[in-house]
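Chemist: The lines below spell out each chain.
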Amino acid sequence: AQSVTQLGSHVSVSEGALVLLRCNYSSSVPPYLFWYVQYPNQGLQLLLKYTSAATLVKGINGFEAEFKKSETSFHLTKPSAHMSDAAEYFCAVSRMDSSYKLIFGSGTRLLVRP
Amino acid sequence: EAGVTQFPSHSVIEKGQTVTLRCDPISGHDNLYWYRRVMGKEIKFLLHFVKESKQDESGMPNNRFLAERTGGTYSTLKVQPAELEDSGVYFCASSQNYSPYTFGSGTRLTVV
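Here the protein sequences line up with chains P and G, keeping their order.
In terms of the numbering used here, the first sequence opens at residue 7 and continues consecutively.
In terms of the numbering used here, the second sequence opens at residue 178 and continues consecutively.
With the rest of the complex left out, here is chain P:
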């Protein structure tokens, strides 16, 4: 069975500081991994995805994530936080099969302090 664990329901950083949102996964088969973001009153937007190509994945808005198989991790980072990054972030895992069903972590709300 697949599962996702996001450490920290809330993360607070200062504007300009490094953003690090943690995600660990469990999967018996090679996974596809995703980060989604939800801004207030909006839907889920894909930030980036890992599909077994390069282990360092670059996404939109300056975010990137590194797939580390030995650590079963897929942490999301951004070198310098901006006020507009305040949102809720979700890590998700999927199998590449006929369903392509996503299993989500519980989400991490990012707060950016001025």
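Hints were generated in silico from the structure; no laboratory data involved.
The list that follows gives simulated cross-link-like pairs (lysine-lysine, DSSO-like), each with its CA atoms no further than 30 Å apart:
hint : chain 1 : residue 1 : chain 2 : residue 2
1    : P       : 107       : G       : 221
2    : G       : 218       : P       : 55
3    : P       : 64        : P       : 107
With chain P fixed as given, assemble chain G onto it according to the hints.
Modeler: Chain G alone, transformed into the frame defined by chain P:
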């Protein structure tokens, strides 16, 4: 292209009533998914359509929930009768050829 559209955006109903949520996927997307987030919990899969057929409905919580997808276009999710624990945000998503989903903005359902 137009995105995934869901309506209503908000719905408040009394326990025991019926509510129907609608999702219009991106035109041409054969895959349509419903997910739900109950307050404070994870976003969870409900079901998956391929065109008009249910590919996987393993996440449907009980038989009070009925999903349809007429002619492989829009989909509806009916809850009848609604219970308090059905409150949450219902997301719809669509994709083509198993590429990453495009999600709608969700319907926030409150059962009082």
